[in-house]
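> The chain contents come next:
2 protein chains.
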Amino acid sequence: MQTVSQLFNIQYPIVQGGMIWCSGWRLAAAVSNGGGLGLIGSGSMNPDLLLEHVRKCKTATNNPFGVNIPLLFGHAESFLQICVDEKVPVVFTSAGNPMKYTAHLKSHGIKVAHVVANTRGAVKCAEADVDAVVAEGFEAGGHNGKEETTTMVLIPTIRQAIDLPVIAAGGIATGRGMLAAMALGANGVQIGSRFVASNESSAHPLFKQRVAEASEGDTKLMMKKLVAVRLLRNPFAEKVEAMELEGASREALAELLGRGRAGKGMFEGDMEEGELEIGQASGIISEVKPAAEIIREIVAEYETARKELKELTP
Amino acid sequence: MQTVSQLFNIQYPIVQGGMIWCSGWRLAAAVSNGGGLGLIGSGSMNPDLLLEHVRKCKTATNNPFGVNIPLLFGHAESFLQICVDEKVPVVFTSAGNPMKYTAHLKSHGIKVAHVVANTRGAVKCAEADVDAVVAEGFEAGGHNGKEETTTMVLIPTIRQAIDLPVIAAGGIATGRGMLAAMALGANGVQIGSRFVASNESSAHPLFKQRVAEASEGDTKLMMKKLVAVRLLRNPFAEKVEAMELEGASREALAELLGRGRAGKGMFEGDMEEGELEIGQASGIISEVKPAAEIIREIVAEYETARKELKELTP
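These protein sequences, in sequence, are chains A and B.
For what it's worth, numbering that gives the first Met the number 0 labels the leading residue of the first sequence as 0, then goes sequentially.
For what it's worth, numbering that gives the first Met the number 0 labels the leading residue of the second sequence as 0, then goes sequentially.
Chain A on its own, in the form it takes in the complex (with noise of 0.2 Å):
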């Protein structure tokens, strides 16, 4: 099985997660600079706006970079055609069956990996024959899985099920959390929250500094009847949690949530009104930092845990 620093051709095996309303073109370039994998999270944008920051990533790197592309989105098919034509050179589904592109777009010489949140969703990615799967635990921020399995739990049962690369997500955001998911048997990770609070995010500032300054037990995953979603605990997510409490249906909470929340929240910096999408990891961060020097932070602290884990029988 290749590795998956050689699969997308990168330093490290380290992804940073294509997330809406914080990683354009400059989150990206810099991680992909910075010897990791930069992806463009196309959620937030339309066609014209996701060719002006593929255009731009390109001319701010010459390593790989890719691009997150929800399918369920309604914009997908012109974002997956904006990806071949413009040779880009790794694409990332989400929220999707993965069976309906992975082959048009590996046709086209590009490196496809699929997220899933469970199990079954990973046999599927291997039927439809990705280059690599995401398996991003219950601790993840923004959309999640049913089955709440966590990183831990869900690693190992994916590692057996498919011979395939598989990227751990969910709740790393240091070279620890990087070795433990190792550990468990991946062969990369995914990082997400750690990079919503980086200098080169488009994250608002005010919401950098929630994230930077959020303790365990600050998110919460919400809205399982409409799309279950791990968010920072604000007045608008209070209000989820009561309605949520009183065994709110379906339909209430998508009139609560409405229309443009997330970047309410995430983009323009209502911190009490908006969607304030992030990982649990966001307990372990406490300052917003330049991506490459994420990057290698977690790389030193990776090697110095590695070399400190003792033998159980010396």
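Note that these hints are calculated values from the structure, not bench results.
A virtual CB, placed ideally from N, CA and C, is assigned to each residue, including glycine.
It is possible that part of the hints are untrue.
[Claimed, not checked] To be clear about the criterion: a stretch of chain B counts as covered by chain A if any three or more of its residues have a C-beta under 8 Å from a C-beta of chain A, and this derived list gives those stretches:
#1 129 to 138
#2 177 to 190
#3 208 to 220
#4 271 to 285
#5 290 to 304
Based on the hints, put chain B in the right spot on chain A.
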């Protein structure tokens, strides 16, 4: 800082979780004889029964063992007295305030660990001067915390917050899981579900079989309005799930639960109407085997996986 092995005077820093209905003297002694620390789970016992189990455990092993005592249970004070009178070397307390009894137990030479599910609880443990903290993540079976923090995130945050040995629990059933926990900064592990499916556990054979057969996604954290508990999917759990989707009250859930359901399921073998407490790690477990063999396999896999962890920058 003492290692967990030094602290408890055991060969491997592997603790068998003290679980209601599943961990009597046979399992505790088998684990302690196998080089780990076996715990008698007192939560489903009365004082006479606990005394009997403690005495039988002492004759069945010459190695240290312990008793897990949920402090909020009615018999807690009698249980603590039994541990003092019988010179039980180790007590794990849970579900209550560690300030209350730690000094008393330590004055009798007993080593004390306390189980927490959040960082706040860990800091309280340090104030109470316990000997070690068990940090139990969202993926663990049975009763669980409100914060829903997973092992992947809980271990590093607690590691950073306190200067005491941290024993990781939740989602750990294999040597790779143990290695991941140690990579995150834990000093040892507490393993529950894996030992439920052991020859020596007092779980009903039908429950052991269900645990071995369970797949990823087969458990769920439920009854959060009452006391959050992770259950294996069965007709009873499905009833709870349906009621919770409708916003059922604490009272309605308590009425549905009634009394004695845990014993009915896990001990008497009613797989339909019993309350089947088990962790997400049940998805990784596929065979019932002797406790000592489980420990040998965990240690061997840990060592193999440790050696396989590669440098990121070769």
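> All hints, please: hold or fail.
Structure-based check of all given hints:
no.: 1; hint: 129 to 138; verdict: holds (count 3)
no.: 2; hint: 177 to 190; verdict: holds (count 7)
no.: 3; hint: 208 to 220; verdict: holds (count 5)
no.: 4; hint: 271 to 285; verdict: holds (count 4)
no.: 5; hint: 290 to 304; verdict: holds (count 4)
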